[in-house]
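Residue numbers (the numbering used here), protein chains in the order written: chain R, 1 to 346; chain W, 1001 to 1346; chain P, 2001 to 2346; chain E, 3001 to 3346.
Just so you know, the hints here were simulated from the structure itself, not pulled from any lab data. Some clues are possibly wrong.
What the hints assert, rightly or not - Computed, partial: chain W to chain P, Cβ under 7 Å:
(1) L1005
(2) E1009
(3) I1018
(4) F1060
(5) S1061
(6) L1069
(7) G1070
(8) S1071
(9) T1074
(10) Y1106
(11) D1329
(12) R1332
(13) A1336
As the list claims (entries may be wrong) - Cut-off 25 Å, straight-line C-alpha distance, at most; resulting in silico cross-link-like pairs (DMTMM-like, lysine to aspartate or glutamate):
(14) E:K3289 to P:E2263
(15) P:K2278 to E:E3231
(16) W:K1032 to P:E2085
(17) W:K1032 to W:E1139
Beta carbons are placed, not taken as given, at the ideal position from N, Cα and C, and that holds for glycine.
Residues per chain are reported as follows:
Number of protein chains: 4
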Amino acid sequence: MLRCLTAGESHGRAIVAILEGMPAGLKIDLLKVNQELKRRQAGFGRGKRMQLENDRAEIFSGLKNNLTLGSPLTLLIKNNDFSIEKLYKVFSPRPGHADLAGLLKYGFTDIREVLERASARSTVASVGIGALCKIFLNEFNVRISSRILSVGGENTPGSMRDKISEAIRLKDTVGGIFEVRAKGLPVGLGSYVQADKRLDGRLAQAIISIPGIKSFEVGLGSGYAISFGSEVHDEIYHAKGKGYLRKTNNAGGIEGGISNGEELVLRACMKPISTLMKPLDSVNIKTNKSSKAAVERSDTCVVEAAGVVAESACAFVLADAILEKFGSDSLREIKANYKSYIKRIS
Amino acid sequence: MLRCLTAGESHGRAIVAILEGMPAGLKIDLLKVNQELKRRQAGFGRGKRMQLENDRAEIFSGLKNNLTLGSPLTLLIKNNDFSIEKLYKVFSPRPGHADLAGLLKYGFTDIREVLERASARSTVASVGIGALCKIFLNEFNVRISSRILSVGGENTPGSMRDKISEAIRLKDTVGGIFEVRAKGLPVGLGSYVQADKRLDGRLAQAIISIPGIKSFEVGLGSGYAISFGSEVHDEIYHAKGKGYLRKTNNAGGIEGGISNGEELVLRACMKPISTLMKPLDSVNIKTNKSSKAAVERSDTCVVEAAGVVAESACAFVLADAILEKFGSDSLREIKANYKSYIKRIS
Amino acid sequence: MLRCLTAGESHGRAIVAILEGMPAGLKIDLLKVNQELKRRQAGFGRGKRMQLENDRAEIFSGLKNNLTLGSPLTLLIKNNDFSIEKLYKVFSPRPGHADLAGLLKYGFTDIREVLERASARSTVASVGIGALCKIFLNEFNVRISSRILSVGGENTPGSMRDKISEAIRLKDTVGGIFEVRAKGLPVGLGSYVQADKRLDGRLAQAIISIPGIKSFEVGLGSGYAISFGSEVHDEIYHAKGKGYLRKTNNAGGIEGGISNGEELVLRACMKPISTLMKPLDSVNIKTNKSSKAAVERSDTCVVEAAGVVAESACAFVLADAILEKFGSDSLREIKANYKSYIKRIS
Amino acid sequence: MLRCLTAGESHGRAIVAILEGMPAGLKIDLLKVNQELKRRQAGFGRGKRMQLENDRAEIFSGLKNNLTLGSPLTLLIKNNDFSIEKLYKVFSPRPGHADLAGLLKYGFTDIREVLERASARSTVASVGIGALCKIFLNEFNVRISSRILSVGGENTPGSMRDKISEAIRLKDTVGGIFEVRAKGLPVGLGSYVQADKRLDGRLAQAIISIPGIKSFEVGLGSGYAISFGSEVHDEIYHAKGKGYLRKTNNAGGIEGGISNGEELVLRACMKPISTLMKPLDSVNIKTNKSSKAAVERSDTCVVEAAGVVAESACAFVLADAILEKFGSDSLREIKANYKSYIKRIS
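Whole structure, please, built from the sequences with the hints as guidance.
This is the structure:
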């Protein structure tokens, strides 16, 4: 079983993650981890911090000569802007953000104590962890990718870019829809035997838990609601040398909570960033008088980055499901077990 | 922390669930549990089994004089149709169902070995557990409800009913969209401090893990994708005697992974049932030759029931989050802790 | 990962357990489960209840034609003496028992609300679960046994029996030391990579969690405290056809938190039963005046039974560790993975 | 719920730990953390590394102005001797160590890949985490301490020191028995309702999981085996102003898996260190020929340090149990809940 804990505040010393359960004997190329961190910072509509931070992960444990030892891997990404104790206090919660609920929950008197952790900066850790999981998945020829489907209701590259430019001009923000796909998954990950073992549920939790994500769907998703069963279920065929196959993939690669061997297709909606340069109505929590919401340095649109974070969340779930099915100690052993299974079901 | 395990096959002796972590001193009215089981069996478009089974829960542990003892509660719902070992074998997997993936995963040679557990019958256990959680939530004035928003693309009572009748006539099936709402939640459940503590992610897992659910959204959900931030974030106000308040609830009651005190609003899509009376193309797994999919006794439309199951899944997550925040031993103690908190944040 | 939840009160309807994570394709012989339940009831020094209860498990889920389906197994053992709601209230806590601490923790006013769950009767569930795990372990030639080492300081069969007879005569109780052994474990279960993965720690938790157990040791145990390292560490040799071997087994089969291929040897102390027929000083919790402790029907000595329960606790941990290392879906697949590993390390 | 993951190799860059679940508003004095790290390095019989390493923790997350934010705390302790990739390979496993079992389990060809993580150096992380937990426990007036009871069978300060000197002279190692005590625990931590909730079992796992620990006992421990129940159970009394009280504490503060309000008393045996300067018989794993075991820089006796590590393991379990019972968000809230409970049960 793969476990991870992430830590770190937006303007703290560093973002840190420990990944426990990665098997021994996996070659880790730090460049690939850093490429993923770079991908997370990209996309049109990003703010100045993305120029300020040039995230680079350091690995503090779990490796010798770039090979995993079976022991926990620690990733540490320094914050260039380490200033948490010098920053001004924040008193006007941003609508859409954890600010107000976090303040009340924890009994704070300064919203900074919420926003430093409830920050999309924390997704650096997820992407680092996800990068390690992708390297593992790569050994099983599982490839994960993402793409933007729409931004602010627009769905062509040009119109999406225009929409983001408009949002920048208006000091507003804009969200959108992205898709994550995973090719090469074996049939049989996840299970229907207990609710919390279902692969779709685990993916849903991982992706909805990314800051700003408000919807999740698998395959045809809510599109299933408008059709008859006969129109949407993926009929089953068999061909010599290819085994069982489908001509459609409305299920998005999961049936009954289990991967069915087809491509995994997930979609999610990233809401517009909650920090607006043209702030919304709020209340000063000290006086309870009307006030404009706090303005923090922020981005205008992060749908592309959200896709990268979602790939990572997805990679963690899939790597975990592979370890669960095929064992957990060394890459060689797990690959051998995997191959025996693939051979058996072919 | 609340834990549960459910068990039982569709035509086994019984459906069983153990709920661990319910505090001492809660009065359990078995009638309420059975009412929920009844609600799960209702709705236009249900098949004959729903008439056959008149589910009644028995409580085998955890109670004395209808008061919880703090020890695990066991629910047992007998299957009237206990025949698992006499039923015919199944060789043609149903598209959309766990049949094929489950067979390959577990190395079975008879699809019955999959479908007996990968059956919506298992949701009886979830509803029973959910009913217990609702009784607990009721002590905190949290009320959960659900309603159908659309069936097969239709969204008025009459047109939905017509669509289901059409599906019955066509020996087809049809899905739809339902909504779950929870009123009375305190601000501060769930957290942003670690991904797996976010309330939205936990709700997503719980609801996507219900058989047949293919999408999940919170509040405005994918509707966030078409607007500017300034149009959709719920501005914050304050009024004497009422505290912080909002005029809109696009967030659906969750900001930053925490309940924000507004009504919880979730939506999900239930796909058309995978068992069609007019079966789809499939393959006989013994011969690998084309075949029509297996036909099991089934329903035509279960969107209303799926809503009831989703209420239950939601109730479990919310009860767990309350215990996490306010302690875990006796109802009286938890309520006292809850009241102190509410008083402090007011 | 193997999970279980147990439930049931001493005079409730039944003792119930759900075991989640057992792979598909394992043949379950209910006779073997019942034999284990019988073994738990045996031993000189048992009270009348053991004659009253003739425990027989029923399996309510997870099986078809005696083969596991990969789905959760439910064991249900009826209580012949189902009377929880008719029994008298208890007001004088027994020293050594959960009575007083449980009452205060949960805010009860009647000690019966504690003692019904905090009863050794709950170990019926553990033994049932353990029996299922033993059947699984048997497939890997792992055999678990236990024996009494001493009772009341006596360590020959005759003197132990005399000591128990003396305790009966004195209306007193007596404890002792037992040993659990597991033969046939492969090298490599558990791990040093994270504290909670260590096999010895997991076994310690499982065994110390049995009611009445106050000490736990592995191999030489506290005997390690009186020797130099050179006298007690098990030197390593190698012989053709046999592989690595030891001439001693002070480590008791675990080094560095991992099984090392030698016999697992554990020892534990079961304290004298807390219910004395000649009751100890206590206090009436309603009046806070001195009183003699409550007298419940009970046993005089249960060291032998405690050994059986400890075997079961041990079986659960070992089965879990095997699934963790070798995968989790079907017995055939796990056995194939196991054999490949054994071959590789030979 | 408190969670932690630790990471780091003996000669890696650093030892790292993330502690998740500590409430907001707790003042952390880093000096106290470093004092605990210092205590771990002390004791007669320690080797040269203890002089080389002067462990100092840095906190990378979870704090602002020394107050916890409710977010995960990261401790990082740099290894002065960061050389993992330059160190020689090791081929002769040390009897008593994870060396051989770890090598086979993970399929390594160099024992260094085992010993770098399976090293007592990892206990630095545990002590750091434990120090944070002690600061939390201190707010509830819970104080944890430890002391050596015996070394190599000797139990006076002078004879213990002589025994260690003898071991140094003989190039041997020596173990011993230590005791951990916790004063000030409230009645009601842990529970009998499910095996894995018992406080004694959780403490046993935590302490047996410390490298080198081979036995664990609570209170009178194995001493219970030689007496009648009437001689050892702690009779219950009541006195005005003091509430329920005992004249003896054989139970060691736990009855029925729950803290009973008396002092917690635990004992454990630390075996002699497995690395001997006068190495034992072993086998070269490349040639399978006889060889002397590897010699690594090491200590002669670490019983005192093991006591400090066990205090830490204990602190983690107790802090977790307090959060479980009294809630989890802010120190102020938890303390208020705690006080209400104490008042109620008085």
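Hint check:
Satisfaction of the interface hint for L1005 of chain W is found here, the shortest Cβ-Cβ separation to chain P being roughly 4 Å, below the 7 Å cut-off. Of the supplied interface hints, the one on E1009 of chain W holds, with its beta-carbon coming within about 6 Å of a beta-carbon of chain P, less than 7 Å. Given the 7 Å rule on beta carbons, the hint for I1018 of chain W holds: about 4 Å separates it from the nearest Cβ of chain P. At about 5 Å, the closest approach between the beta carbon of F1060 of chain W and any beta carbon in chain P falls short of 7 Å, and the interface hint on this residue holds.
Residue-level restraint check for S1061 of chain W holds (minimum Cβ-Cβ distance to chain P is 4 Å; threshold 7 Å). Among the interface hints, the one on L1069 of chain W holds; its C-beta lies about 5 Å from the nearest C-beta in chain P, closer than the 7 Å criterion. For G1070 of chain W, the interface hint holds, the least distance from its beta-carbon to any beta-carbon of chain P being 5 Å, beneath 7 Å. Contact between S1071 of chain W and chain P, as hinted, is supported at the beta carbon level, the nearest pair being about 4 Å apart and thus within 7 Å.
For T1074 of chain W, the shortest C-beta to C-beta distance to chain P is roughly 4 Å, which falls under 7 Å, so the interface hint holds. Taken as an interface hint, Y1106 of chain W checks out: its beta carbon lies about 4 Å from the nearest beta carbon of chain P, inside 7 Å. Hint status for D1329 of chain W relative to chain P: holds, with the closest Cβ pair at about 6 Å, below 7 Å. Against a cut-off of 7 Å between C-beta atoms, the interface hint on R1332 of chain W holds, since the closest Cβ of chain P lies about 6 Å away.
Because the beta carbon of A1336 of chain W sits about 10 Å from the nearest beta carbon in chain P, more than 7 Å, this interface hint is broken. Of the supplied pair hints, the one linking K3289 of chain E and E2263 of chain P holds, its CA atoms being roughly 24 Å apart against a limit of 25 Å. Restraint check for K2278 of chain P and E3231 of chain E: the C-alpha separation of about 12 Å stays at or below 25 Å, so the hint holds. At roughly 21 Å between alpha-carbon atoms, K1032 of chain W and E2085 of chain P fall within 25 Å of each other, so this suggested pair holds.
Distance check on the hinted pair: K1032 of chain W and E1139 of chain W sit about 14 Å apart at the alpha-carbon level, within 25 Å; holds.
The structure is inconsistent with hint 13 alone, although it conforms to all the rest.
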